[in-house]
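With chain L's structure known, arrange chain U on it following the hints.
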Amino acid sequence: MARLIINGQTHDVDVEPDTPLLWVIRENIGMTGTKYGCGIAQCGACTVHIDGVATRSCSMPVSAVEGKQITTIEGLAQNGTPTAVQKAWADLDVPQCGYCQSGMIMAVTALLKEKPKPTDADIDRTITNICRCGTFQQVRAAIHQAAANA
Amino acid sequence: MTHIPNINRRAFVVSSAALGGGLALGLDLPFGPQVVRAADGSPEIGAWVVIRPDDTVVIRIARSEMGQGTLTGLAQLVAEELECDWSKVTTEYPTPGQSVARKRVWGDFGTGGSRGIRESQDYVRKGGATARAMLIQAAANAWGVPASECTAANSVVTHTPTGRTVKYGAVAEAAAKIEPPKDVPLKDPKDWKIAGKRGIKRLDTVDKTTGKMVYGIDVKLPGMLNAAIKASPVFGNKVKSIDAAKVASMKGVKKVVQVGDNAVAVVADTWWHAKTALDALPIVWEETDNNKVTSASIAQWLKEGLDAEQVFVGNQNGDAKAGLGKAAKKVTAEYAYPYQNHATMEPMNATALYTPDKCEVWCGTQNGEGAFAAALEASGLPAEKVEVYKIMLGGGFGRRGRADYVTQAVLIAKQMPGTPVKLLWSREEDMQHCTYHPVTQARLTAGLDDKGNLDSLHIRISGQSILTAIFPSRLINGMDPATFQGFAAKGEASIGYSVPNLLVDHAMRNPHVPPGFWRGVNVNQNAIYLECFMDEVAKEAGVDPLEFRRKLMADHPKHLGVLNAVAERIGWTTPPPAGVFRGIAQHMGYGSYVAAATEISVDGNKVKIHRIVAATDPGYAVNPDQIERQIAGSFVYGLSALFYGEITIKGGAVEQENFDTYNSMRISEMPKVEPIVMPSGGFWGGVGEPTICVAPPAVLNAIFAATGKRYRTFPLKNHGLSLA
Chain L
16 MARLIINGQT HDVDVEPDTP LLWVIRENIG MTGTKYGCGI AQCGACTVHI DGVATRSCSM
76 PVSAVEGKQI TTIEGLAQNG TPTAVQKAWA DLDVPQCGYC QSGMIMAVTA LLKEKPKPTD
136 ADIDRTITNI CRCGTFQQVR AAIHQAAANA
Chain U
953 MTHIPNINRR AFVVSSAALG GGLALGLDLP FGPQVVRAAD GSPEIGAWVV IRPDDTVVIR
1013 IARSEMGQGT LTGLAQLVAE ELECDWSKVT TEYPTPGQSV ARKRVWGDFG TGGSRGIRES
1073 QDYVRKGGAT ARAMLIQAAA NAWGVPASEC TAANSVVTHT PTGRTVKYGA VAEAAAKIEP
1133 PKDVPLKDPK DWKIAGKRGI KRLDTVDKTT GKMVYGIDVK LPGMLNAAIK ASPVFGNKVK
1193 SIDAAKVASM KGVKKVVQVG DNAVAVVADT WWHAKTALDA LPIVWEETDN NKVTSASIAQ
1253 WLKEGLDAEQ VFVGNQNGDA KAGLGKAAKK VTAEYAYPYQ NHATMEPMNA TALYTPDKCE
1313 VWCGTQNGEG AFAAALEASG LPAEKVEVYK IMLGGGFGRR GRADYVTQAV LIAKQMPGTP
1373 VKLLWSREED MQHCTYHPVT QARLTAGLDD KGNLDSLHIR ISGQSILTAI FPSRLINGMD
1433 PATFQGFAAK GEASIGYSVP NLLVDHAMRN PHVPPGFWRG VNVNQNAIYL ECFMDEVAKE
1493 AGVDPLEFRR KLMADHPKHL GVLNAVAERI GWTTPPPAGV FRGIAQHMGY GSYVAAATEI
1553 SVDGNKVKIH RIVAATDPGY AVNPDQIERQ IAGSFVYGLS ALFYGEITIK GGAVEQENFD
1613 TYNSMRISEM PKVEPIVMPS GGFWGGVGEP TICVAPPAVL NAIFAATGKR YRTFPLKNHG
1673 LSLA
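Protein sequences appear in the order of chains L and U. For the first sequence, our numbering begins at 16 and goes up steadily by one. For the second sequence, our numbering begins at 953 and goes up steadily by one.
This is chain L alone, in the form it adopts within the complex (with noise of 0.2 Å):
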């Protein structure tokens, strides 16, 4: 058993303690946004924030996590307000498929709160996720009206 706080609420979930917390979330939890990619924190689809740290949460053991803040992107819009980030995305037409998005808007969601105005290096440096579909020019363009907005 597992007490997990998620997006503010509380969840007490019957898992083993080694399980991903990617999985708790989607299958215990039942929230679907946070997308499964890789399972060895490769694709950053699994992103999610643990105590405003974004974190590749198919390679973090739910033992490791209770207790701590977690935000997933279902958590990002308070009163179904959209983010800064995430109306820059809708405006940029930026995500294709969008699979990889969830895992890409809370990378870049952690990386402006620590850098309000980034440069392209800090994107670069920061910004690590895998998208196949090639999005980079449009999520590049997407972050920094972001950080001109916010």
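Incorrect hints may have been included.
[Unchecked claim] Taking lysine to any residue and the SDA-like style, the derived pairs with C-alpha atoms no more than 20 Å apart in a straight line are:
1. U/K1310 <-> U/P1369
2. U/K1203 <-> L/A17
3. U/K1153 <-> L/P97
4. U/K1203 <-> L/N43
5. U/K1164 <-> L/G23
6. U/K1040 <-> L/D106
7. U/K1153 <-> L/P32
8. U/K1164 <-> L/N22
9. U/K1442 <-> U/K1310
10. U/K1203 <-> L/P32
11. U/K1203 <-> L/D29
12. L/K102 <-> U/L1155
13. L/K102 <-> U/S1039
[Said to hold, decoys possible] Covered stretches of chain U (in silico footprint by chain L; criterion: 3 or more residues with CB under 8 Å from a CB of chain L, positions within the stretch not fixed):
14. 1015-1022
15. 1145-1157
16. 1160-1170
17. 1217-1224
18. 1295-1304
19. 1342-1350
20. 1611-1620
The set of hints was computed from the structure by calculation and includes no laboratory data. All residues carry an ideal CB built from backbone N, CA and C; glycine is no exception.
Coordinates of chain U only, in the frame set by chain L:
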């Protein structure tokens, strides 16, 4: 009476969440026999359009959206002719089962070969135009005036002489009862207001920014179990034995099942439990000669094909062999291109529910009818008892045109009647059971005359045929025409050069590794082979690569058009900045003409691509903004393959397991892409795939300009190169 299979509530819940709208659902009663209705009772105005009383326009989309934008583009074309209010447009997928029941009223569901728009634009536009005519007629009838006195715009019908107006929603019910007119004329594209315009946003974006979009992997059904699967790592080999008792008591495990003769699945309460048990399950696989195959043995076999006598001739004019025999100067080079995995971000998956009376499948697919056929065959049920619900795809790139994962899901569900089961492949399973971009090698031989003109060219391809494996019915006397993409004499993938003596032939060599269509398919390597070789020959001729090409392109004005466009934009005739080097390439595929010019620099083993100018002439550009995104995105896919992508074979199986050994470009490596969308009209070309092939040869030619090194085997990581 129009019959459409009813769709149960469960399907509605899943699909309406996925699509954001009411699902197509035929109810003949109580509204009367003539009108076909959507789930909420709103009438169909022909098969492509449903109009709700509040003026919402629901446009049916038969092709699959996988990121390429076809959903929005097709909706634009229907809306353009319908003359409706674009802000009130929503879309829905008809199901393959409905299509079967209605005699394929929506045509082909297949979404590959960049055909989504170019091969359905005519009939979807007619669908919109016909619905507009019916709405106008209904309004005219209500007013007792001739339809010829009425016009339609922005979802409003106007009676011009009196100025009376009525909204579409108010006449939809009457319009649905009108016999559809035949041969309603289509607009001239120069009069388009919704199609072809900038600033038309995608219809599927917002849910992709909030986590709400439902992909196949996200499907949830009451009582659903989850399955993890392992197929024989060695292609073609079968399961010998399983020791199911070893995992039967593991947490959450419900059942261990064999799937066909070559795979084993564990079904459990959660997928994580299923995967954990599968990893612990002892499986013995049979061993065959396939176990002896390696990348080296395949390469050796293909190399022998470069000298083979028995070949298929894909294109010839003049006498290339005689021409080469008397050439003043001969140039020859050999190239090779490796297996690639699509590596869609969402691994393969499908959810199936089987009972002896019904088989239902929920999945992302590029080929709804193919998935339907697979479910039909695997379930053994007749067509009226089978249905497939299409869910958003987390990438396709050709991989989801295959239905192997659908077959597996149904075969598993069949062993658990009444229980829905979601089958999800692990990334490792996905990496090792793709239908791979095929391997080929090529030897190119050019003969120059004494003035340095290209007089003769022989392109010998040796390697794998996709059609032989997937669509043998499309072979022409054994020849696979797709092998010659970009080298054909005419048609949608024709060569852009006139060479007096030309021969392109193919020694077919089909290893046991299953091949498939991979974004761009054979233009990927064919463009590298020819466009790098053109630079090699130009160098031997002592001529600028652009000028060398231009001399051969007088009879290929559209190929030349895109080439000139990128040359001009990159500033080919002015020297690049110090330390920066340029490369250029052009090709044709999927009915579109494409070219790229790039500027790079090389620092040690790091290649920095500063910019790529890319031009495409697709005939008509339905959504120029999305075309630009497809150009940039295709370069990520194509350059990832050029630098990093390689599937290797050892012991008959794939060696790579995940993204740590099958790498993909990151944002830091992304070049600045400057697209030029230059539709010249008069033909319909594709968008999703054509451009992918010109970035790699342009970059390779620039690397040669920078380093003097000509790389002819790929990926470049094998030469120690990576992107900066």
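Each hint tested on the structure:
1. U/K1310 <-> U/P1369: 10 Å, holds
2. U/K1203 <-> L/A17: 16 Å, holds
3. U/K1153 <-> L/P97: 18 Å, holds
4. U/K1203 <-> L/N43: 14 Å, holds
5. U/K1164 <-> L/G23: Holds, at roughly 19 Å.
6. U/K1040 <-> L/D106: 18 Å, holds
7. U/K1153 <-> L/P32: Given that 20 Å is the threshold and the Cα spacing comes to 44 Å, the pair is violated.
8. U/K1164 <-> L/N22: 15 Å, holds
9. U/K1442 <-> U/K1310: Violated, because 47 Å separates the two Cα atoms, which is more than 20 Å.
10. U/K1203 <-> L/P32: 13 Å, holds
11. U/K1203 <-> L/D29: Status holds; Cα separation ~12 Å.
12. L/K102 <-> U/L1155: 15 Å, holds
13. L/K102 <-> U/S1039: Given pair L/K102, U/S1039 holds - Cα atoms ~18 Å apart, limit 20 Å.
14. 1015-1022: holds (count 4)
15. 1145-1157: With 4 residues closer than 8 Å to chain L, the stretch 1145-1157 of chain U meets the three-residue bar; holds.
16. 1160-1170: Result for this restraint: holds, n = 10.
17. 1217-1224: It holds, with 3 qualifying residues against the three required.
18. 1295-1304: Result for this restraint: holds, n = 5.
19. 1342-1350: Check passed, 6 qualifying residues.
20. 1611-1620: holds (count 7)
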